[in-house]
Amino acid sequence: MTVWGGETDRATYQKRINLLVKKYPDLKVKLQLIPSDSYPQKVQTMIAGGKGPDIMQVAENVNVYSSKNQLRPLDDLVKSAGVDLAERFGGIGSLYSYQDKVYAIPDRSGAMIVYYNKTLFEKKGIKAPTAEWTWDDALDAFKELTSKGKTWGYGGAGWWPQWWSFAYQNGGAIIDANGKPAVDSDEVVEALQWAGDLVFKHGVVPTKAQYADMGTDVGGDQAFAAGTVAVNATGFWAIAGLTDTKFEWDIAPMWRGEKQAVSSFGSGLAISRTAKNPDKAFKAIDFLTSPTAQQQIIATGEDVPANLEVQKSEAFLKPAWMKSTVDMGVFGESSSFLFKAPFIPEWNEMQAAIDTELADFWLGKEKSAKKALTALQKSLESIVKPAG
Amino acid sequence: MAMSRLRRREALWFYAFVSPWVIGFLVFLLGPMISSIYLSMTDWDSFTPPKWVGLDNYVKLLTEDPVFWKALGNTFHYAAISVPLGLLIGLWLANLLNKQVRGRKLFRTLIYLPTLVPLVAASMAFRVVLAPSGPLNDVLGWVGISGPQWLLDPGWVKYALILLSVWGAGSATVLLLAAMRGIPQELYEAAEIDGAGPVRQFWSITVPQLTPVIFFNLVMGLIAAFQVFSQVYILTPKASQPGTYNASQTTVPYLFDQAFSYYHMGYASAISWLLFAVILVFTLLAFRTTRRWVFYETEVK
Amino acid sequence: MATVVSAGAPQKQHGEKHQDDGAKRTSDAPRVLRVFRATPFTYATLIVVSAILSTPLVFGVSIALSSDQTVSTNAFTIFPSEFRWENFTRVFGSDLPMGRFLVNSLIISVGSVIGQMVSSGLVGYAFARLRAPGKNVMFLVVIATMMIPTQITMIPQFILFKDLGWVNTYLPLIVPNFFSNAFNVFLVRQFVSRLPSELDEAAMVDGLGFFGIYRRIMLPMLWPVLIAIGIFTLTYNWGDFMGPLIYLNDESKMPLALGVQYITTTGVAGQPPPWNLVMVGSILLTLPMIAVYYLGQRYLYEMDISGGSAGVK
Numbered sequence: 127m128t129v130w131g132g133e134t135d136r137a138t139y140q141k142r143i144n145l146l147v148k149k150y151p152d153l154k155v156k157l158q159l160i161p162s163d164s165y166p167q168k169v170q171t172m173i174a175g176g177k178g179p180d181i182m183q184v185a186e187n188v189n190v191y192s193s194k195n196q197l198r199p200l201d202d203l204v205k206s207a208g209v210d211l212a213e214r215f216g217g218i219g220s221l222y223s224y225q226d227k228v229y230a231i232p233d234r235s236g237a238m239i240v241y242y243n244k245t246l247f248e249k250k251g252i253k254a255p256t257a258e259w260t261w262d263d264a265l266d267a268f269k270e271l272t273s274k275g276k277t278w279g280y281g282g283a284g285w286w287p288q289w290w291s292f293a294y295q296n297g298g299a300i301i302d303a304n305g306k307p308a309v310d311s312d313e314v315v316e317a318l319q320w321a322g323d324l325v326f327k328h329g330v331v332p333t334k335a336q337y338a339d340m341g342t343d344v345g346g347d348q349a350f351a352a353g354t355v356a357v358n359a360t361g362f363w364a365i366a367g368l369t370d371t372k373f374e375w376d377i378a379p380m381w382r383g384e385k386q387a388v389s390s391f392g393s394g395l396a397i398s399r400t401a402k403n404p405d406k407a408f409k410a411i412d413f414l415t416s417p418t419a420q421q422q423i424i425a426t427g428e429d430v431p432a433n434l435e436v437q438k439s440e441a442f443l444k445p446a447w448m449k450s451t452v453d454m455g456v457f458g459e460s461s462s463f464l465f466k467a468p469f470i471p472e473w474n475e476m477q478a479a480i481d482t483e484l485a486d487f488w489l490g491k492e493k494s495a496k497k498a499l500t501a502l503q504k505s506l507e508s509i510v511k512p513a514g
Numbered sequence: 002m003a004m005s006r007l008r009r010r011e012a013l014w015f016y017a018f019v020s021p022w023v024i025g026f027l028v029f030l031l032g033p034m035i036s037s038i039y040l041s042m043t044d045w046d047s048f049t050p051p052k053w054v055g056l057d058n059y060v061k062l063l064t065e066d067p068v069f070w071k072a073l074g075n076t077f078h079y080a081a082i083s084v085p086l087g088l089l090i091g092l093w094l095a096n097l098l099n100k101q102v103r104g105r106k107l108f109r110t111l112i113y114l115p116t117l118v119p120l121v122a123a124s125m126a127f128r129v130v131l132a133p134s135g136p137l138n139d140v141l142g143w144v145g146i147s148g149p150q151w152l153l154d155p156g157w158v159k160y161a162l163i164l165l166s167v168w169g170a171g172s173a174t175v176l177l178l179a180a181m182r183g184i185p186q187e188l189y190e191a192a193e194i195d196g197a198g199p200v201r202q203f204w205s206i207t208v209p210q211l212t213p214v215i216f217f218n219l220v221m222g223l224i225a226a227f228q229v230f231s232q233v234y235i236l237t238p239k240a241s242q243p244g245t246y247n248a249s250q251t252t253v254p255y256l257f258d259q260a261f262s263y264y265h266m267g268y269a270s271a272i273s274w275l276l277f278a279v280i281l282v283f284t285l286l287a288f289r290t291t292r293r294w295v296f297y298e299t300e301v302k
Numbered sequence: 012m013a014t015v016v017s018a019g020a021p022q023k024q025h026g027e028k029h030q031d032d033g034a035k036r037t038s039d040a041p042r043v044l045r046v047f048r049a050t051p052f053t054y055a056t057l058i059v060v061s062a063i064l065s066t067p068l069v070f071g072v073s074i075a076l077s078s079d080q081t082v083s084t085n086a087f088t089i090f091p092s093e094f095r096w097e098n099f100t101r102v103f104g105s106d107l108p109m110g111r112f113l114v115n116s117l118i119i120s121v122g123s124v125i126g127q128m129v130s131s132g133l134v135g136y137a138f139a140r141l142r143a144p145g146k147n148v149m150f151l152v153v154i155a156t157m158m159i160p161t162q163i164t165m166i167p168q169f170i171l172f173k174d175l176g177w178v179n180t181y182l183p184l185i186v187p188n189f190f191s192n193a194f195n196v197f198l199v200r201q202f203v204s205r206l207p208s209e210l211d212e213a214a215m216v217d218g219l220g221f222f223g224i225y226r227r228i229m230l231p232m233l234w235p236v237l238i239a240i241g242i243f244t245l246t247y248n249w250g251d252f253m254g255p256l257i258y259l260n261d262e263s264k265m266p267l268a269l270g271v272q273y274i275t276t277t278g279v280a281g282q283p284p285p286w287n288l289v290m291v292g293s294i295l296l297t298l299p300m301i302a303v304y305y306l307g308q309r310y311l312y313e314m315d316i317s318g319g320s321a322g323v324k
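Residue numbers (the numbering used here), protein chains in the order written: chain A, 127 to 514; chain B, 2 to 302; chain C, 12 to 324.
Note that these hints are calculated values from the structure, not bench results. Warning: the hint list may mix true and false statements.
Simulated crosslink set (DSSO-like; lysine-lysine; CA at most 30 Å straight-line) [what the hints assert, rightly or not]:
no.	chain 1	residue 1	chain 2	residue 2
1	A	Lys-269	A	Lys-504
2	C	Lys-146	A	Lys-406
3	C	Lys-264	A	Lys-156
4	B	Lys-106	A	Lys-194
5	A	Lys-177	C	Lys-173
6	A	Lys-504	B	Lys-106
7	A	Lys-406	A	Lys-253
8	B	Lys-52	A	Lys-511
9	B	Lys-61	A	Lys-497
10	B	Lys-61	A	Lys-194
Since we're looking at a predicted model, the values are computed, not measured.
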């Protein structure tokens with residue numbers, strides 16, 4: 127079984143596997159942790175080398191594999207095991223489906239959430255962010271929270287889950303219902319322009335140069351922990367880095383635009399085509415995503431378990447290790463307005479194209495979101511082939 | 002008759018002695034090369050069986066892939082500056098080290114050190130040094146230059162790469178220095194009697210005597226520069242600086258992405274063959290110029 | 012194409028001098044020629060250049076000795092301002108089998124070094140001394156292979172090793188070294204062709220076979236070039252990252268160069284990687300190579316018309 131991540135991830139997966147083996151002594155699972163940077167390449171060489179993992183962790187790139195016939199469709203196994211994905215995982219039960227086949231079972235999930243510096247908010251007399259904040263509310267607060275060269279209101283929206291959330295809030299889409307790229311629509315342009323203006327027009331988000339001066343590999347997550355940005359939108363994992371901050375903080379659901387929308391993070395477990403014993407592999411996945419094993423994900427503070435039952439449990443809402451009171455209900459609240467990002471087979475190329483075409487925009491060299499997205503649309507059209 | 006038998010025995014021994022290389026060549030190089038030619042004419046994702054597409058990959062690369070051309074352009078740009086610059090600096094350093102310096106072992110080690118440092122460590126340090134308000138820009142600030150955003154500005158990131166390669170210029174001193182020590186002492190003695198100064202002697206004796214090594218370095222340097230990979234991969238990590246990563250994209254990292262991020266193995270193979278063609282052309286061009294400047298001792302004898 | 016051979020392998024005949032140590036060459040002489048005299052300016056330049064070149068390294072040491080606090084706030088200084096030596100014990104105390112990584116690095120590097128020394132010596136000697144039809148063409152091919160981008164063969168080689176069942180073993184990293192490489196063959200050939208040929212001619216008259224000549228006469232004289240090749244091979248394989256990344260799957264088989272990358276995963280999520288520990292790993296990775304280089308450097312500088320740079324990178 128291959129997974130990516132760091133030490134916490136290793137420990138958590140291992141604990142869950144231990145529980146599994148205790149219950150089913152006939153199963154043998156060897157955990158292999160691979161640094162995130164080299165995960166895709168390593169898994170590829172393992173599969174190509176004929177020593178692919180039986181179970182592998184997948185996320186947005188699930189269909190990179192499934193479209194190349196590398197993952198075993200799980201529908202029959204799901205059925206014979208009597209698992210109801212919708213009941214167990216809610217809306218994200220079908221997240222990893224492609225052309226009507228299930229390729230992975232959700233394992234970790236969780237919406238992107240808003241972290242805010244409570245101490246600073248109280249000092250400035252600003253009310254905590256809510257799901258009902260509009261773009262204007264957010265901008266006003268960011269302006270209040272910014273003090274030139276020292277602190278910034280917001281961590282930024284250059285990462286796809288961040289600006290895509292705004293695009294979907296504004297009624298846009300990256301790939302439309304017909305599988306065609308749709309990034310040059312007015313809705314997406316407006317959303318990106320808003321996100322870009324936060325940096326270059328209003329100066330409430332640090333520029334890349336300002337981030338680079340804060341240190342190597344410092345981004346919104348690290349800057350928030352250091353207290354230099356007051357608000358940051360990211361995943362659950364940032365909580366682990368915030369246990370010793372010098373200020374008080376809490377989390378909130380993402381604010382809204384025309385409508386509510388926010389990206390979801392997470393990953394699923396898939397069975398590779400080369401797995402010798404898919405039945406056993408599925409038995410393992412079934413157990414790993416059951417409440418007993420999923421408890422561990424929150425107990426170690428690794429991530430949000432995908433299992434809804436666990437998400438609603440006391441163990442999740444009030445984790446034992448949490449030193450301050452954090453509104454964990456935010457995850458449940460956000461789950462009602464998650465948008466489903468297009469996990470297309472050309473995911474990696476799409477991300478590369480986005481990075482290339484928007485590079486100048488995020489540097490402030492290209493001021494017009496319209497121009498940047500028109501170029502991006504053209505380049506996406508050459509990459510993304512509508513399904514079917 | 003005895004002579005020819007000896008000759009034949011010698012030939013047999015020759016083939017026996019070089020057999021490791023021959024086997025290695027056939028198994029690890031020629032065989033893979035042939036299958037690479039085949040792969041370059043297929044559409045292959047490394048998982049499902051390859052599909053024959055003929056010359057499509059080459060046609061697409063040459064006519065409708067702007068990223069490939071950009072990457073190739075960046076590679077030229079990088080090679081055109083870093084190779085000559087690295088050679089000049091290497092030559093200069095070697096000349097310094099060739100003098101009667103106390104602690105030369107230490108200096109040689111320090112100058113060669115960059116070659117021994119793992120790239121992970123070197124690039125980490127470089128990213129700190131090249132930060133927008135990092136030490137390098139501070140120094141530039143003292144002389145009134147406001148330094149660029151080395152690693153963030155797509156226009157400057159190439160020069161950051163060149164800087165990293167120049168930092169390793171000391172690796173060239175190994176063979177230059179070795180060759181300098183082979184230059185006959187009498188040449189310098191004669192020049193000194195004629196009253197030529199050290200600078201003059203450097204240009205009229207050392208450099209001409211070294212031209213074969215300089216040439217060898219030039220060719221090897223060109224080949225290495227065209228294949229630049231790890232530096233790009235580590236100095237501008239895709240994850241944290243996606244924009245500049247693509248701006249600094251050179252041919253081999255692009256090839257690598259095609260093969261391992263997008264699973265276009267056939268396409269990647271085609272890129273590698275085009276790259277080989279480019280390297281070949283430039284190497285042959287370099288050889289064409291040798292008559293004009295490379296000096297062989299045999300010619301004066 | 013004939014120029015390829017003559018230019019790529021110039022027949023420099025410097026005779027006896029190049030074997031002498033450079034220092035001896037002039038210290039024996041009554042006075043140092045002006046061109047070799049080190050002026051204060053020479054020292055000044057060397058010191059400045061060395062300082063600039065070592066800045067990133069000093070930086071690295073400083074980072075390695077920094078506390079986690081300093082790392083997360085990016086408050087590094089060029090010279091170490093604190094000395095957290097416990098970072099070294101922390102690296103060895105982490106979940107990662109650092110000792111095992113070190114042993115793996117040794118296995119791979121030493122295996123490769125032996126392979127290159129044995130094979131390149133034989134092949135290079137044959138190209139320099141023995142006569143056989145087709146030899147020149149073959150040597151031309153040797154030189155030409157240096158131009159082939161390694162990426163061309165990377166994928167098919169992977170398939171080859173996979174079919175041999177060698178994936179996830181050290182074999183793909185070690186075995187190819189037993190078949191010599193062009194650059195090393197070139198080095199040995201250049202070295203041998205500068206050695207006086209009287210000795211092996213005499214041995215031939217004495218009836219020593221070709222292999223006997225190689226083993227008894229040549230090998231003892233080849234040590235300098237073989238050690239140089241050993242150093243090049245060692246530094247290359249010790250730091251190689253791509254090969255192990257592609258071929259090794261089990262953590263327990265990985266070398267230190269890859270292990271250093273794994274250290275980046277030991278941090279806390281949402282925080283920068285533990286750069287201090289990464290630097291400790293890098294230092295552990297670099298120190299042995301510096302020692303090897305320092306001790307072996309005199310052999311490297313005997314490699315007249317070698318091609319150092321390309322072979323090391």
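How the hints compare with the structure:
{"no.": "1", "hint": "A:Lys-269 - A:Lys-504", "verdict": "35 Å, violated"}
{"no.": "2", "hint": "C:Lys-146 - A:Lys-406", "verdict": "60 Å, violated"}
{"no.": "3", "hint": "C:Lys-264 - A:Lys-156", "verdict": "15 Å, holds"}
{"no.": "4", "hint": "B:Lys-106 - A:Lys-194", "verdict": "56 Å, violated"}
{"no.": "5", "hint": "A:Lys-177 - C:Lys-173", "verdict": "9 Å, holds"}
{"no.": "6", "hint": "A:Lys-504 - B:Lys-106", "verdict": "58 Å, violated"}
{"no.": "7", "hint": "A:Lys-406 - A:Lys-253", "verdict": "52 Å, violated"}
{"no.": "8", "hint": "B:Lys-52 - A:Lys-511", "verdict": "18 Å, holds"}
{"no.": "9", "hint": "B:Lys-61 - A:Lys-497", "verdict": "26 Å, holds"}
{"no.": "10", "hint": "B:Lys-61 - A:Lys-194", "verdict": "22 Å, holds"}
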